Amino acid sequence: MAWSRDEIAARAAAELRDGYYVNLGIGIPTLVANFIPAGMRVVLQSENGMLGMGPFPFEGEEDPDLINAGKQTITELPSSSYFSSADSFGMIRGGHIDLSVLGAMEVGENGDLANWMVPGKVVKGMGGAMDLVAGVKRVVVVMEHCSRDGSAKFKPRCELPLTGTNVVDKLITDLAIFSRADRHSPFQLLEMAPGVSLDELRTRTTARYLPP
Amino acid sequence: MAWSRDEIAARAAAELRDGYYVNLGIGIPTLVANFIPAGMRVVLQSENGMLGMGPFPFEGEEDPDLINAGKQTITELPSSSYFSSADSFGMIRGGHIDLSVLGAMEVGENGDLANWMVPGKVVKGMGGAMDLVAGVKRVVVVMEHCSRDGSAKFKPRCELPLTGTNVVDKLITDLAIFSRADRHSPFQLLEMAPGVSLDELRTRTTARYLPP
Amino acid sequence: MSLPTGPKVYATAASALAGVVRDNITVMSGGFGLCGIAENLIVALRDSGVKGLTVVSNNAGVDEYGLGMLLKTRQIRKMISSYVGENKEFERQYLSGELELEFNPQGTLAERIRAGGAGIWGFYTRTGAGTLVAEGKEQRVVDGETWVLEKGLVADLSIVKAWRGDTEGNLIYRKTARNFNPMMATAGRVTVAEVEKLVEPGELAPDQIHTPGIFVQRIIQGPAYRRQIENRTIRKRPAAGVS
Amino acid sequence: MSLPTGPKVYATAASALAGVVRDNITVMSGGFGLCGIAENLIVALRDSGVKGLTVVSNNAGVDEYGLGMLLKTRQIRKMISSYVGENKEFERQYLSGELELEFNPQGTLAERIRAGGAGIWGFYTRTGAGTLVAEGKEQRVVDGETWVLEKGLVADLSIVKAWRGDTEGNLIYRKTARNFNPMMATAGRVTVAEVEKLVEPGELAPDQIHTPGIFVQRIIQGPAYRRQIENRTIRKRPAAGVS
Chain D
1 MAWSRDEIAA
11 RAAAELRDGY
21 YVNLGIGIPT
31 LVANFIPAGM
41 RVVLQSENGM
51 LGMGPFPFEG
61 EEDPDLINAG
71 KQTITELPSS
81 SYFSSADSFG
91 MIRGGHIDLS
101 VLGAMEVGEN
111 GDLANWMVPG
121 KVVKGMGGAM
131 DLVAGVKRVV
141 VVMEHCSRDG
151 SAKFKPRCEL
161 PLTGTNVVDK
171 LITDLAIFSR
181 ADRHSPFQLL
191 EMAPGVSLDE
201 LRTRTTARYL
211 PP
Chain R
213 MAWSRDEIAA
223 RAAAELRDGY
233 YVNLGIGIPT
243 LVANFIPAGM
253 RVVLQSENGM
263 LGMGPFPFEG
273 EEDPDLINAG
283 KQTITELPSS
293 SYFSSADSFG
303 MIRGGHIDLS
313 VLGAMEVGEN
323 GDLANWMVPG
333 KVVKGMGGAM
343 DLVAGVKRVV
353 VVMEHCSRDG
363 SAKFKPRCEL
373 PLTGTNVVDK
383 LITDLAIFSR
393 ADRHSPFQLL
403 EMAPGVSLDE
413 LRTRTTARYL
423 PP
Chain F
425 MSLPTGPKVY
435 ATAASALAGV
445 VRDNITVMSG
455 GFGLCGIAEN
465 LIVALRDSGV
475 KGLTVVSNNA
485 GVDEYGLGML
495 LKTRQIRKMI
505 SSYVGENKEF
515 ERQYLSGELE
525 LEFNPQGTLA
535 ERIRAGGAGI
545 WGFYTRTGAG
555 TLVAEGKEQR
565 VVDGETWVLE
575 KGLVADLSIV
585 KAWRGDTEGN
595 LIYRKTARNF
605 NPMMATAGRV
615 TVAEVEKLVE
625 PGELAPDQIH
635 TPGIFVQRII
645 QGPAYRRQIE
655 NRTIRKRPAA
665 GVS
Chain W
668 MSLPTGPKVY
678 ATAASALAGV
688 VRDNITVMSG
698 GFGLCGIAEN
708 LIVALRDSGV
718 KGLTVVSNNA
728 GVDEYGLGML
738 LKTRQIRKMI
748 SSYVGENKEF
758 ERQYLSGELE
768 LEFNPQGTLA
778 ERIRAGGAGI
788 WGFYTRTGAG
798 TLVAEGKEQR
808 VVDGETWVLE
818 KGLVADLSIV
828 KAWRGDTEGN
838 LIYRKTARNF
848 NPMMATAGRV
858 TVAEVEKLVE
868 PGELAPDQIH
878 TPGIFVQRII
888 QGPAYRRQIE
898 NRTIRKRPAA
908 GVS
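Residue numbers (the working numbering), protein chains in the order written: chain D, 1 to 212; chain R, 213 to 424; chain F, 425 to 667; chain W, 668 to 910.
It should be emphasised that the hints constitute simulated quantities derived from the structure, not laboratory data.
Wrong hints could be hidden among the right ones.
As the list claims (entries may be wrong) - No farther apart than 20 Å at their CA atoms in a straight line, the calculated lysine to aspartate or glutamate pairs in the DMTMM-like style are these: (1) R/K349 x R/D275; (2) D/K124 x F/E569; (3) F/K561 x W/E758; (4) F/K660 x D/D63; (5) D/K121 x D/E159; (6) F/K561 x W/E802; (7) W/K818 x F/E569; (8) W/K903 x R/D411; (9) R/K349 x F/E559; (10) W/K675 x W/D690; (11) R/K333 x W/E758; (12) W/K818 x W/E802; (13) F/K502 x F/D580; (14) F/K660 x F/E627; (15) R/K336 x W/E870; (16) D/K124 x D/D98; (17) W/K864 x R/D275; (18) D/K137 x D/D98; (19) R/K333 x R/E371; (20) F/K475 x F/D580; (21) F/K660 x F/D631; (22) W/K903 x R/D218; (23) R/K333 x W/E767; (24) D/K121 x D/D98; (25) D/K155 x D/D98; (26) F/K502 x F/E522; (27) F/K496 x F/D447; (28) D/K121 x F/E513; (29) F/K660 x D/D98; (30) R/K349 x W/D810; (31) W/K718 x W/E769; (32) F/K502 x F/D487; (33) R/K333 x W/E769; (34) F/K621 x D/D199; (35) F/K575 x W/E758; (36) D/K124 x F/E526; (37) D/K124 x F/D567; (38) F/K432 x R/D310; (39) W/K804 x F/D567.
Since we're looking at a predicted model, the values are computed, not measured.
Extracted from the complex, chain D is given alone in its bound form:
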């Protein structure tokens, strides 16, 4: 039985450490905020220019001047600070963010990531994804294990245009978790969703990875 979006997010949340500064992408990554362990100090960065993102506002308390990188209304915390997008990406590119959780279209077994463009389809732009993978200390990707037609998304090499080369440290899908010790090492299978067999995983994955 594949993990749900929430279960994937909860597994990504296991990457969090006390005192971390974290950037969460749009989609499943945003859900990770719901699984920050109680009592753990984690500061969420929004790349448009904010540290210390609070939860979504109560109805009637939305502030048009206070949005996250997904353009959603959010709230501030006592410790929040605002800054320009240039300063924000200085923070990101300069290696000051501990962890980024991002979605993906494809992940290569070499750690390459593709998540912004499908040739022939309308291109919306990369936003801040290329800066995040280039600058953040640790990059965790969350995605569905296969595309809708059943083809593998964790593959020997990405076929879609890249977002970054050799940038993924951990991959969490609805079927399994893969990780690597550092960016010179291959991925290793860490864990599988309940009911997923090693054989099934192999048939749904074209990337090579080490056994658990």
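Guided by the hints, dock chains R, F and W onto chain D, whose structure is given.
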């Protein structure tokens, strides 16, 4: 009769225009602030990180957190703003300052400027002078016409290490004023101090310049 | 109640753009999504009838609001952006070849604008190395790390929006409406700012000013602000009860 | 009255430096002249007995105060500065070859530090083109203009001084004491801040924070501040009279 320091400063002040943002160097350039015409809006920048420098404080009102680039205590105005030195030099390098008035050791007839280093003597550093001449729209130099031993300081080429190449737009000494139409043109004599003859000026100047 | 006055203060958005707006110029437009956009100046830009604009803006507005209004009237020839997903008319014009598009990673775009305003010709960033973004650009490898050369950007006109401004052009932004506005203010040959409230010098604390007045040549108090929300997201209030 | 506490808060300057200070590291030290220097951390650095430091600081303090104290004890091997005119001991050590010195134009120094903190490997500036400063550096000519390649700077430790700080490390500087502190805070692998007053989160307005807490790993409230004036300059009060 040579112009006094105040007279030199007053002549440099004739460069000011309503609405100008201006950076004044240490020494005679600082005196230019005393000759801003009444009613003219001129904003003084201090490269350590301030726009809108006010006058020196009254005794007992000095603030150690409020100094100019010469480390002198100053005051703020209602329109003042503070910023980092990186932002300050972004302002300077980015061409946002209209006028810089600087001292010099030597000026070349090609507009080169030397004002920071004498080989064999103790070098104190260039501070912000190289950034100012590289970035400010118009650079006016004020200096004594000759060095103490009587040798010319406005000369064919600077012999001292340069602060910038082809950066001087106008030169005001205690003996004369030289200006040029643009940075492709030669300097032209504009005005002489009372009692200074064309012949005397020639003997005290090795640079070539156009007659008035 | 009369507004503060001064040489930089203009009565209307139209008058603040007069003499600056010409066909085929490059315009930087502040804001992220619909947050912190110069809404009155965008309307005035549309109403000026100017054509052939190159617009530098992180996003392209939505169909009926923000830069989307200028797309609808086909006044934009080229966009330099990082993400334009919110706009159907944009998609149509782009696919039909009417609109030129240059994508920059968001941080690269922000830094290119800052560099342009700060007299930096170009800079080396890791962002985009090994991707389409780096194609045709100079790259250098230092200690095994690849760096891409990106160039500073300037504009003929920057339009920015702030929360408060004084007659000297000093600006203070509010919350995440700051975004691209401060850098764009530095990178416009002429920068026109609109503010929700225009005040006299001295009403803004010198330590709190985000954009010093030197960067702002013209300023208006916007007559009204829609401050439209693009993606209203809320959470449930906890059930009322005896606490 | 007890101080606010938190994981980043240290009781003393000495404890805040413990485990970070080692011989031969590079230290960035905020301030311009004696304005906005981390006076308590400099004393603690001296008292730590560390040797062979490379110090990045716009100036070198005066003989008895600021970085001058570390020069006197010969704990500094090399200075990267823009102007060091105020210090006799500096002069002596430099002339005798005990002290290494690298001059950077002030704006280039400020920008190199910002670049280091912002993940920019290098940048092109006009500053110093055609001068000694450009010798041995890559240069490129674009449309007749010469640009010099300058590289980003980072440090093992940055010590900065702010007016207010909260336990999260958010900092607000006061007036021209801001100077080099904000960039240096971003460019230290470890940044230690000292503040005149340490407060709880929420006491500093989020729009007014100059250095977001992410850049500050350790923070202390300085026990006392001399805030020495280097060049006291005053003007005469107008004569008292009936106004």
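Now for the hints, and whether the structure bears them out:
1. R/K349 x R/D275: Answer violated: R/K349 to R/D275 is near 32 Å, above 20 Å.
2. D/K124 x F/E569: Judged against 20 Å, a Cα distance of about 28 Å means the pair is violated.
3. F/K561 x W/E758: violated (45 Å)
4. F/K660 x D/D63: holds (16 Å)
5. D/K121 x D/E159: Holds, because 15 Å separates the two Cα atoms, which is no more than 20 Å.
6. F/K561 x W/E802: violated (26 Å)
7. W/K818 x F/E569: Status holds; Cα separation ~15 Å.
8. W/K903 x R/D411: Answer violated: W/K903 to R/D411 is near 43 Å, above 20 Å.
9. R/K349 x F/E559: The hint is violated at about 35 Å.
10. W/K675 x W/D690: Violated, because 24 Å separates the two Cα atoms, which is more than 20 Å.
11. R/K333 x W/E758: This hinted pair holds, its Cα atoms lying about 11 Å apart.
12. W/K818 x W/E802: Judged against 20 Å, a Cα distance of about 14 Å means the pair holds.
13. F/K502 x F/D580: Between F/K502 and F/D580 the Cα gap is close to 15 Å, so the pair holds against 20 Å.
14. F/K660 x F/E627: violated (39 Å)
15. R/K336 x W/E870: Measuring from Cα to Cα gives roughly 42 Å; hence the hint is violated.
16. D/K124 x D/D98: Measuring from Cα to Cα gives roughly 27 Å; hence the hint is violated.
17. W/K864 x R/D275: holds (18 Å)
18. D/K137 x D/D98: holds (5 Å)
19. R/K333 x R/E371: Status holds; Cα separation ~15 Å.
20. F/K475 x F/D580: With Cα atoms ~14 Å apart, F/K475 and F/D580 stay inside 20 Å; holds.
21. F/K660 x F/D631: Violated - the C-alpha atoms of F/D631 and F/K660 are around 38 Å apart, more than 20 Å.
22. W/K903 x R/D218: holds (18 Å)
23. R/K333 x W/E767: Roughly 16 Å separates the two Cα atoms, so the pair holds.
24. D/K121 x D/D98: Not satisfied, since the Cα-Cα distance of roughly 33 Å exceeds 20 Å.
25. D/K155 x D/D98: violated (26 Å)
26. F/K502 x F/E522: At roughly 9 Å apart (the allowed maximum being 20 Å), F/E522 and F/K502 satisfy the hint.
27. F/K496 x F/D447: holds (17 Å)
28. D/K121 x F/E513: holds (16 Å)
29. F/K660 x D/D98: With Cα atoms ~30 Å apart, F/K660 and D/D98 exceed 20 Å; violated.
30. R/K349 x W/D810: holds (18 Å)
31. W/K718 x W/E769: It holds: about 18 Å lies between the C-alpha atoms, which stays within 20 Å.
32. F/K502 x F/D487: holds (17 Å)
33. R/K333 x W/E769: holds (16 Å)
34. F/K621 x D/D199: Distance ~65 Å between F/K621 and D/D199 Cα, so the pair is violated.
35. F/K575 x W/E758: violated (40 Å)
36. D/K124 x F/E526: Given that 20 Å is the threshold and the Cα spacing comes to 11 Å, the pair holds.
37. D/K124 x F/D567: Measuring from Cα to Cα gives roughly 34 Å; hence the hint is violated.
38. F/K432 x R/D310: holds (16 Å)
39. W/K804 x F/D567: Roughly 18 Å separates the two Cα atoms, so the pair holds.
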